[in-house]
Each structure stands twice: as structure tokens, then as C-alpha cells.
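Whole structure, please, built from the sequences with the hints as guidance.
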Amino acid sequence: MERKEWPLWEVFVRSRNGLDHKHCGSVHAPDAKLALQVARDVYTRRQEGVSIWVVKADNIVASDPDAKPELFDPAEDKIYRHPTFYQLPEEVGHM
Amino acid sequence: MYTQALDIPQQNADAKPLRAVENAAYQAEFDAKVDAGGFIEAKDWMPEAYRKTLIRQISQHAHSEIVGMLPEGNWISRAPSLKRKAILLAKVQDEGGHGLYLYAAAETLGVSRDELMDALHSRKAKYSSIFNYPTLNWADVGVIGWLVDGAAIMNQIPLCKCSYGPYARAMIRVCKEESFHQRQGYDLLLTMMRGTPEQQEMVQDAVNRWWWPSIMMFGPHDKDSVHTDSARWGIKRISNDDLRQKFVDATVKQAEVLGVTLPDPELKWNEERGHYDFGAIDWEEFWNVVNGHGQCNVDRLAERVQAWEEGAWVREAALAHAEKQAARENAGRAAA
Ligand SMILES: [Fe+2]
Ligand SMILES: [Fe+2]
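Those sequence lines, one after another, are chains A and B. First residue of the first sequence? That's 4 in my numbering, and the numbers climb one at a time after it. First residue of the second sequence? That's 21 in my numbering, and the numbers climb one at a time after it.
Calculated directly from the structure, the hints in this document are not laboratory data.
Cβ-to-Cβ under 10 Å is the rule here; a few derived chain A residues that face chain B:
(1) K7
(2) L11
(3) G28
(4) V30
(5) H31
(6) A35
(7) D44
(8) V45
(9) R48
(10) S66
Capping the alpha-carbon separation at 30 Å, the derived lysine-lysine pairs in DSSO-like fashion look like this:
(11) K53(B) with K25(A)
(12) K196(B) with K63(B)
(13) K63(B) with K7(A)
(14) K72(B) with K59(A)
(15) K71(A) with K59(A)
(16) K181(B) with K71(A)
(17) K344(B) with K36(A)
Pair ranges (Cβ atoms, derived):
(18) A35(A) with W289(B): 51 to 61 Å
(19) W333(B) with R49(A): 30 to 40 Å
(20) D23(A) with P178(B): 22 to 32 Å
(21) P72(A) with E304(B): 48 to 58 Å
(22) Q50(A) with H313(B): 38 to 48 Å
(23) K146(B) with R43(A): 29 to 39 Å
(24) D23(A) with C195(B): 15 to 25 Å
(25) R49(A) with R98(B): 23 to 33 Å
(26) D23(A) with H313(B): 46 to 56 Å
Every residue, glycine too, gets a C-beta built ideally from N, C-alpha and C.
Written out as C-alpha cells, the structure reads:
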């Protein structure tokens, strides 16, 4: 029989309520239900999570690493977007 | 994540030189990043040799974790108490997990899981030679945790800062779990050493058999080492001999506390060096085992291949089921 790999799923785990789900790795599984099961066994053996997302890797669209300058450099010279850009009199106190 | 499956939308082809081609500008950017102690991520440009080295190293590492389940797995059904059985099960399951983290990291470099499996099963890929020694008595389980996992920890901690992001992150996860492995082993041995003279003898016997193979785990001496690029690329940050020395220095005291003798008459403190000296390693034995002539090479691989082949129908059935379910759902949606 022709060999076929189980598809790849990306795994995101919320370590506790109040925090974002964070990418932690990937697993192979035939479908979503088993992907969750496998992800639980592989990535949360010590209560590392309270919630898991799995996403088929094919469904993730990533930005092009070569496009880094076009995408991210335009923000580099906009330092006025940061609070520290503004020097205020000390008497104003914390603002 | 960061796998070959994460397709990047096709950009204007003329805008940039082909990434696949070795290119001086990309190379300079890569070198600068690595020299500054930065990370390379899966979709970043990297020299072909760097990619190949990583695939070789990460996959060998993954294979070692997976094959490493076998010598200890042998003792799960023979553990002397329910507590020890539960601990050993958890430990062996962790090793399986480590293999899976690492296979996933290797796959980000554009190699498939099936290819990796094939390489192991066809003996094209190697795994750590330590797992080709037999586990003869229950104390072996303790000594593996103490010495083999201990040596692995020494090797693995520097990898948490290696230049390849997905590998470094997988190693952080692995290292967090390894401390449990070493401590449960040492705890097991402490318990046996408080037991009967026969139990104490079992521990000493296991230490006698595992000590030399454990310090061989750090690989050939630096002067005989072939993979020098790894240091330049920030994959290997501490040399084999330095790691081995660190391990020996740390272990002597632990052996003393345990009340066992390390089987090396030349082992003694060197005031001048500030380290323990130790005897010559039998490299002939090392290469013999690496090249397939250890006591268990044949058995270990046969067991691996058998497990893989006997699981084939499960993998196929699960996939067929998933495909059928998906087709049914699609048909339902089309009808609605
Ligand atoms: Fe491990
Ligand atoms: Fe371990």
C-alpha cells in the first residue's frame, strides 16, 4: 500500500486563564480530534495547559521572511509612537 | 510550526535573487546573525551545509530519544513496586515526547517524518550508542537515570542556546523534564543502597557496566572530532572534552554520597588543573558499538521496525476514517 503521512498540525497551548495561547510545537494526526488528543499527550504531561488549539499547518499563512524590511522597517523611525519620546516637566509626575 | 507545509505566498519572482541559490548577501546576513548570538528561524535563509548538519544532528537526537525508550521499557512490567512502575512509565513516556519535539523541529528544515523514520529503520541514521547496551538488572534503571540522563543533560543544556530557533526551543522543553529523570534514578539507587548487601552489589555492578559507556556519550576527543562547523555555526557551543570533564567532576561526589566506586583506578583529583583526571577511554569499543556491533544493536532496531510495521494498519485505518468523515461532511455541506 502507498504510504501516506498523517497531516501536520500546529499546537497552541494556553498555560493558564488570563494568558494567550502560545505556539509550542507540532504533531502529526489524521484528524482534528486525534490531533487534540496527541497534543495533550505530547505537550501537557505536567499541567502545562488549560486549553489547546490545533490548526492544520497547511491553513497557516506566514509572512515572507525576505519581506521583513518592507513589513517592519517603516515603524523604525516613528519613535513618536512611544511614550518615552515625550519629555515632560518632572512636576507632572507619573503620566 | 515553521514547516515546509507553511506555504509562503509567491512573491514577484524578479524582485530578489533566488533564495535557494547560495548568495553572498544572504550569507553575510546569516553570519552576522549567528556571530551576534542570534537565532535562525525555519523560513530564514541558511547555507545548505547548515541545514544538512542540523537535520543530521536533530534527527539523530530524536532517534536516540525514541530508541532510548527500549532499554528502560524492558523493566516497566518488572518494576518492584507500583510507585516505581508509575515513575518509570512517566520517564519513558517523556523520552517518547522528547523524540516527538525533536522530530517536529527537524521537519521545519524541510524533511518529512517518513524520511526520518526510513533513515533510522534502514540504518542510514545513527542514534546514541549508549542504548545498545543491555539492561540486566533493576539497578540499571537507576544508573541509566543517574549517569545516562545525567550525561545527556550536560550535553543538552548548551543546546538550549543553539542558533537554530526550533531546535533551541525543543531543547528547553526537553531540559525542563530531564532533571526528573536523573533525580528519580539517583533516588532509586539510594533506596537500593539502603537495602541488603545483594541490592548494594546490584548497584555497584550496574555502575561498573555503565560508567565507561556514559562518558563515551560525549563523543570522540576534540582532537579527533570531525564536525567542526557546528561550533562556528553556534550549534555546538561547548566541546566534547569540556562537557565530559564537567560531567566527571560533578559525578564523583554523587558516587561518594551513594557509596559506590566508579570503575576507574586512575580517577583522582588534580589540584593543578582543578579537575578530576580519569583513565583512557576505550575508543575501539565505542566505534564498534557505533558501527553496529554492540550487544543490542540488532535487537533494538528490530524492535523499532517491528513496532513501526505492526502499527501501520492503525495509521492507515485512522487516515481512511478521517478522509471518509471529511468527504461525508463536504457532501453534507454541498447538499445543504
Ligand atoms: Fe530525553
Ligand atoms: Fe531523559
